[in-house]
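Student: Just so you know, the protein sequences line up as chains A and B, in that order. Residue numbering for the first sequence follows numbering that gives the first Met the number 0, starting at 0 and increasing by one per position. Residue numbering for the second sequence follows numbering that gives the first Met the number 0, starting at 0 and increasing by one per position.
The set of hints was computed from the structure by calculation and includes no laboratory data. Glycine is no exception: its CB is placed at the ideal position from the N, C-alpha and C atoms. A portion of the hints provided could be inaccurate.
Partial list, derived from the structure: chain A residues whose beta carbon lies under 10 Å from chain B [to be verified]:
#  : residue
1  : Thr2
2  : Ala8
3  : Thr12
4  : Arg13
5  : Glu25
6  : Glu46
7  : Thr48
8  : Leu55
9  : Phe63
10 : Val68
11 : Leu75
12 : Phe76
13 : Val82
14 : Gly109
Distance condition first, Cα-Cα at most 27 Å in a straight line; then the derived BS3-like pairs of lysine-lysine [as the list claims (entries may be wrong)]:
#  : chain 1 : residue 1 : chain 2 : residue 2
15 : B       : Lys35     : A       : Lys71
16 : B       : Lys85     : A       : Lys71
17 : B       : Lys35     : A       : Lys10
18 : B       : Lys85     : A       : Lys35
2 protein chains.
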Amino acid sequence: MSTTPINFADKFTRFSEHWSPRVIAEMNDYQFKLAKVQGEFVWHSHEDTDEVFIVLDGELQIEFRDRSVTLKSGELFVVPRGVEHKPVAVSECQIMLVEPKGVINTGDIGGSLTAENDVWV
Amino acid sequence: MSTTPINFADKFTRFSEHWSPRVIAEMNDYQFKLAKVQGEFVWHSHEDTDEVFIVLDGELQIEFRDRSVTLKSGELFVVPRGVEHKPVAVSECQIMLVEPKGVINTGDIGGSLTAENDVWV
Chain A
0 MSTTPINFAD KFTRFSEHWS PRVIAEMNDY QFKLAKVQGE FVWHSHEDTD
50 EVFIVLDGEL QIEFRDRSVT LKSGELFVVP RGVEHKPVAV SECQIMLVEP
100 KGVINTGDIG GSLTAENDVW V
Chain B
0 MSTTPINFAD KFTRFSEHWS PRVIAEMNDY QFKLAKVQGE FVWHSHEDTD
50 EVFIVLDGEL QIEFRDRSVT LKSGELFVVP RGVEHKPVAV SECQIMLVEP
100 KGVINTGDIG GSLTAENDVW V
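Please model the entire structure based on the sequences and the hints provided.
Tutor: Here it is, written out as structure tokens:
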């Protein structure tokens with residue numbers, strides 16, 4: 000067991016790509032991932048799992064088909080399984096995702112924004 | 000589905016008890032809990048699950064039998080299942096815990112610091 004704390008700010012200095020989640024920790028079969036996001040992501044859903052978004056810096060909008068939610072630093076939102084959503088960040092935003100190991104960022108949609116899975120930082 | 004973001008600072012204004020985790024969100028069968036901690040907790044372990052600690056404000060020490068780790072704001076640590084640990088905070092510290100629903104704060108030990116489970120804020 001390592002006794003080095005996982006420091007979010009330090010981890011964020013180690014990558015710059017947008018929409019490319021990096022794993023920082025595993026708990027049972029769940030992963031904690033950091034991501035830098037900017038611009039519009041794609042509409043997608045995850046049929047088998049809820050997904051937690053936590054904003055660590057900046058502001059993230061999560062659009063749903065009939066409404067949207069805006070998250071600021073220090074705020075969390077749970078997107079329920081099966082619900083179509085599209086994250087949007089006007090300016091670069093730093094987020095943490097919590098979800099089961101193996102979840103693909105674009106869910107059931109795929110496409111050019113699909114990031115390699117299980118990349119650690 | 001609510002579209003109200005869960006704001007950590009707001010939730011922390013709603014309770015003051017130490018070592019008494021409050022649930023703020025559920026993702027699948029996992030819960031996100033906020034806690035205010037100060038002083039020494041009890042030695043305990045969770046035989047069936049890892050446990051994630053995230054410090055949101057202040058400083059938390061997690062003692063193990065042969066070492067310890069100190070977490071500052073913006074830092075995360077995963078205590079592996081079965082590993083005895085004792086959280087300690089010299090000054091009041093605000094933390095978030097992530098663990099499966101049903102986990103008892105004192106694990107296998109019980110005692111006076113055992114908090115009521117599944118209390119939401």
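Student: Would you mind marking each hint as holding or not holding in the structure?
Tutor: Results of checking the hints against the structure:
At about 4 Å, the closest approach between the beta carbon of A/Thr2 and any beta carbon in chain B falls short of 10 Å, and the interface hint on this residue holds. Contact between A/Ala8 and chain B, as hinted, is supported at the beta carbon level, the nearest pair being about 6 Å apart and thus within 10 Å. Evaluation of the A/Thr12 hint against chain B yields a violated restraint, the C-beta minimum of about 13 Å exceeding 10 Å. At its closest, the beta carbon of A/Arg13 sits 15 Å from a beta carbon of chain B; the interface hint therefore is violated under the 10 Å criterion.
Here the hint on A/Glu25 is kept, as its CB sits about 7 Å from the closest CB of chain B, short of 10 Å. Checking A/Glu46 against chain B: minimum C-beta separation of about 13 Å lies over 10 Å; hint violated. Checking A/Thr48 against chain B: minimum C-beta separation of about 6 Å stays under 10 Å; hint holds. Interface hint at A/Leu55: satisfied, since its Cβ lies 8 Å from the closest Cβ of chain B, which is below the 10 Å cut-off.
Residue-level restraint check for A/Phe63 holds (minimum Cβ-Cβ distance to chain B is 7 Å; threshold 10 Å). Given the 10 Å rule on beta carbons, the hint for A/Val68 holds: about 4 Å separates it from the nearest Cβ of chain B. The interface hint given for A/Leu75 is met, as the beta carbon of that residue sits about 4 Å from the closest beta carbon of chain B, less than 10 Å. Proximity of A/Phe76 to chain B holds as hinted, the smallest CB-CB distance being about 5 Å (cut-off 10 Å).
Proximity of A/Val82 to chain B holds as hinted, the smallest CB-CB distance being about 7 Å (cut-off 10 Å). Interface restraint check for A/Gly109: the shortest CB-CB distance to chain B comes to about 23 Å, outside 10 Å, so the restraint is violated. Restraint check for B/Lys35 and A/Lys71: the C-alpha separation of about 22 Å stays at or below 27 Å, so the hint holds. Distance hint between B/Lys85 and A/Lys71 is unfulfilled; the C-alpha atoms sit about 32 Å from each other, more than 27 Å.
Simply put, B/Lys35 and A/Lys10 have alpha-carbon atoms about 26 Å apart, close enough for the 27 Å limit, and the pair holds. About 34 Å separates the Cα atoms of B/Lys85 and A/Lys35, which puts this hinted pair outside 27 Å; it is violated.
Comparing the model with each numbered hint stated earlier shows that hints 3, 4, 6, 14, 16, 18 do not hold.
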